Amino acid sequence: MEFANPEVLVDTAWLGEHLGDLDVRVIEVDEDTSAYLKGHIPGSLGWDWFEDLHAKPRRDYIDQNGLSELLARSGVGPATTVVLYGGNNNWFAAYAYWLLRYLGFDRVKLLNGGRKRWELDSRELTTETPKVEPTTYRIPGPVHLELRAMRDEVLSKLGAASFVDVRSPEEYRGEMMAPAHLPQESAMVPGHIPGAVNVPWSRAANEDGTFKTLDELKRLYDDAGLDADAPVIVAYCRIGERSAHTWFVLHELLGFPKVSNYDGSWTEYGSLVGVPVEW
Amino acid sequence: MVPRLTGMIDDGAGSFVQLRDAEGDFVGEVRADDEGRFVFHAIPGHWRVVCLTPGRNRRQQEVDLGAADVDVRIPA
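Chains S and L, in that order, give the protein sequences. Following the numbering used here, the numbering of the first sequence begins with 1 at its first residue and continues without gaps. Following the numbering used here, the numbering of the second sequence begins with 1001 at its first residue and continues without gaps.
No lab work stands behind these hints: they were computed from the structure. The structure displayed is predicted, hence computed values, not measured ones. It is possible that part of the hints are untrue.
Only pairs whose alpha carbons sit at most 25 Å apart, straight line, appear in this in silico SDA-like list of lysine to any residue [said to hold, decoys possible]: (1) S/K38 <-> L/G1028; (2) S/K38 <-> S/P6; (3) S/K212 <-> L/M1008; (4) S/K56 <-> S/L37; (5) S/K212 <-> L/V1050; (6) S/K218 <-> L/G1024; (7) S/K38 <-> S/L125; (8) S/K218 <-> L/D1021; (9) S/K38 <-> L/G1024; (10) S/K38 <-> L/E1023; (11) S/K157 <-> L/Q1061; (12) S/K212 <-> L/D1033; (13) S/K258 <-> S/P6; (14) S/K212 <-> L/Q1060; (15) S/K38 <-> L/R1031; (16) S/K212 <-> L/R1048; (17) S/K131 <-> L/T1006; (18) S/K212 <-> L/N1057; (19) S/K212 <-> L/E1023; (20) S/K38 <-> L/V1050; (21) S/K38 <-> L/D1033; (22) S/K212 <-> S/N5; (23) S/K38 <-> L/T1006; (24) S/K212 <-> S/L37; (25) S/K212 <-> L/D1021; (26) S/K212 <-> L/T1006; (27) S/K218 <-> L/R1056; (28) S/K38 <-> L/D1025; (29) S/K38 <-> S/V24; (30) S/K212 <-> L/V1072; (31) S/K38 <-> L/N1057; (32) S/K109 <-> S/E153; (33) S/K258 <-> S/L125; (34) S/K38 <-> L/D1021.
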């Protein structure tokens, strides 16, 4: 059986055969923003998830105009397909994928397994940055507000929507405040949103970063009691990047119709005054 | 402050290093540096370090972490 939207994934072999295609723009988005400079897939560009995708000094993303300008600077035109990849099971690449879809850009795919699968396949990396001819591209479609959950919506849906906390069990139980490779600073209190089930994002990925099979993914979320027909399934983590990976699995691979990513996530919810929290 | 779980992977420059908990759940992943070293910040408990090095076999090591920092060596 195939995923609900199999076209959203490409594998390393496909990408290896399409690196020179003029209508394919490969872009790396990594948690480690220096990774691109050390070596990247030939012909790819690097986006900095914070510098390029955030609207500083606010905690928010660039808007649709800002993304249109970024895509235009990256040589993306009306016929271009963007292929995103990154490290750590594609978690920041999935974050960028979700943001592009939220802001109305739909011709985007993820490299299954990301940088890790590419490197484990011993495929070529380069430090050469490609020359890109800017375009005048503008995203034609609307912003998909339904793909993003904001604080007030989250609070209004407590007890009425399905929440999935995709952090590690240790973070869900309030024992850790951040992933184990990051300094432990985060929200004001530990814990999770009442009623949220814990399905760590990484359970959707194999050790090499590729996604598990359709049957494995269905079983994973069935066992957690998530119902595809639930009114809304809101995924959250610490800052919304791991939950973007789970959003990708639920919405794009499994075809759940109503899934949003709460990118404020625990760093916002866990710092709100007076809201209910569970350990 | 949580303790640090650091390590050195023989011939492990650039390895993908995963930290998994006692149930096997992935908790984080880092790249080893040019000398094969890595750092995690983890709470006390039983952990598994999994190393994926391009061109080499998969390696893993179980680690018990207490209140103090622990440094491990992953042999070739």
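Going down the list of hints, with the structure as the test:
Restraint check for S/K38 and L/G1028: satisfied, since their Cα atoms lie roughly 21 Å apart, inside the 25 Å limit. With a C-alpha separation of about 31 Å, the suggested pairing of S/K38 with S/P6 is violated against the 25 Å cut-off. Between S/K212 and L/M1008, the direct Cα distance comes to roughly 30 Å. Violation of the 25 Å bound is thereby established for this hinted pair. Under the criterion of a C-alpha separation no larger than 25 Å, the hint pairing S/K56 with S/L37 is consistent with the structure, at around 23 Å.
Proximity of S/K212 to L/V1050 is assessed by CA-CA distance (about 18 Å); at most 25 Å being required, the pair is judged to hold. For the given pair, S/K218 sits about 19 Å from L/G1024 by alpha-carbon distance, which is consistent with the 25 Å threshold. Taken as a hint, the S/K38 and S/L125 pair is honoured in the structure, with Cα atoms around 9 Å apart against an allowance of 25 Å. Between S/K218 and L/D1021 the alpha-carbon distance is near 23 Å, which keeps this suggested pair within the 25 Å criterion.
With a C-alpha separation of about 30 Å, the suggested pairing of S/K38 with L/G1024 is violated against the 25 Å cut-off. For the hint pairing S/K38 with L/E1023, the CA-to-CA distance comes to about 34 Å; that exceeds 25 Å, so the pair is violated. For the proposed pair S/K157 and L/Q1061, the alpha carbon gap of about 43 Å is over 25 Å, so the pair is violated. A hinted pair counts as satisfied when its Cα atoms are at most 25 Å apart, and S/K212 with L/D1033 does not qualify at roughly 28 Å.
Restraint check: the Cα-Cα separation between S/K258 and S/P6 comes to about 18 Å, which is no more than 25 Å; the hinted pair holds. Simply put, S/K212 and L/Q1060 have alpha-carbon atoms about 21 Å apart, close enough for the 25 Å limit, and the pair holds. Distance check on the hinted pair: S/K38 and L/R1031 sit about 12 Å apart at the alpha-carbon level, within 25 Å; holds. For the proposed pair S/K212 and L/R1048, the alpha carbon gap of about 21 Å is at most 25 Å, so the pair holds.
Under the criterion of a C-alpha separation no larger than 25 Å, the hint pairing S/K131 with L/T1006 is inconsistent with the structure, at around 40 Å. At most 25 Å may separate the alpha-carbon atoms for a hinted pair to count; S/K212 and L/N1057 meet this at roughly 21 Å. Straight-line distance between C-alpha atoms of S/K212 and L/E1023 comes to about 18 Å, which keeps the hinted pair within the 25 Å bound. Only pairs whose Cα atoms come within 25 Å are accepted, and S/K38 paired with L/V1050 is accepted, the gap being roughly 23 Å.
Straight-line distance between C-alpha atoms of S/K38 and L/D1033 comes to about 12 Å, which keeps the hinted pair within the 25 Å bound. Distance hint between S/K212 and S/N5 is fulfilled; the C-alpha atoms sit about 15 Å from each other, no more than 25 Å. A distance of roughly 23 Å separates the Cα atoms of S/K38 and L/T1006; the hinted pair therefore holds under the 25 Å criterion. Straight-line distance between C-alpha atoms of S/K212 and S/L37 comes to about 30 Å, which puts the hinted pair past the 25 Å bound.
At most 25 Å may separate the alpha-carbon atoms for a hinted pair to count; S/K212 and L/D1021 meet this at roughly 19 Å. Of the pairs offered as hints, the one joining S/K212 and L/T1006 is violated, with about 29 Å between alpha carbons and a cut-off of 25 Å exceeded. In summary, the hint linking S/K218 to L/R1056 is not supported, as the alpha carbons are separated by about 32 Å, beyond the 25 Å threshold. Between the alpha carbons of S/K38 and L/D1025 the distance comes to roughly 29 Å, so the proposed pair goes past 25 Å and is violated.
A threshold of 25 Å between alpha carbons decides the hint, and for S/K38 with S/V24 the separation of about 22 Å falls inside it, so the pair holds. For the hint pairing S/K212 with L/V1072, the CA-to-CA distance comes to about 30 Å; that exceeds 25 Å, so the pair is violated. Under the criterion of a C-alpha separation no larger than 25 Å, the hint pairing S/K38 with L/N1057 is consistent with the structure, at around 23 Å. For the hint linking S/K109 to S/E153, the alpha-carbon distance of about 28 Å lies beyond 25 Å, and the restraint is violated.
Only pairs whose Cα atoms come within 25 Å are accepted, and S/K258 paired with S/L125 is rejected, the gap being roughly 38 Å. About 30 Å separates the Cα atoms of S/K38 and L/D1021, which puts this hinted pair outside 25 Å; it is violated.
Violated hints, listed in ascending order, are 2, 3, 9, 10, 11, 12, 17, 24, 26, 27, 28, 30, 32, 33 and 34; each of the other numbered hints is respected by the structure.
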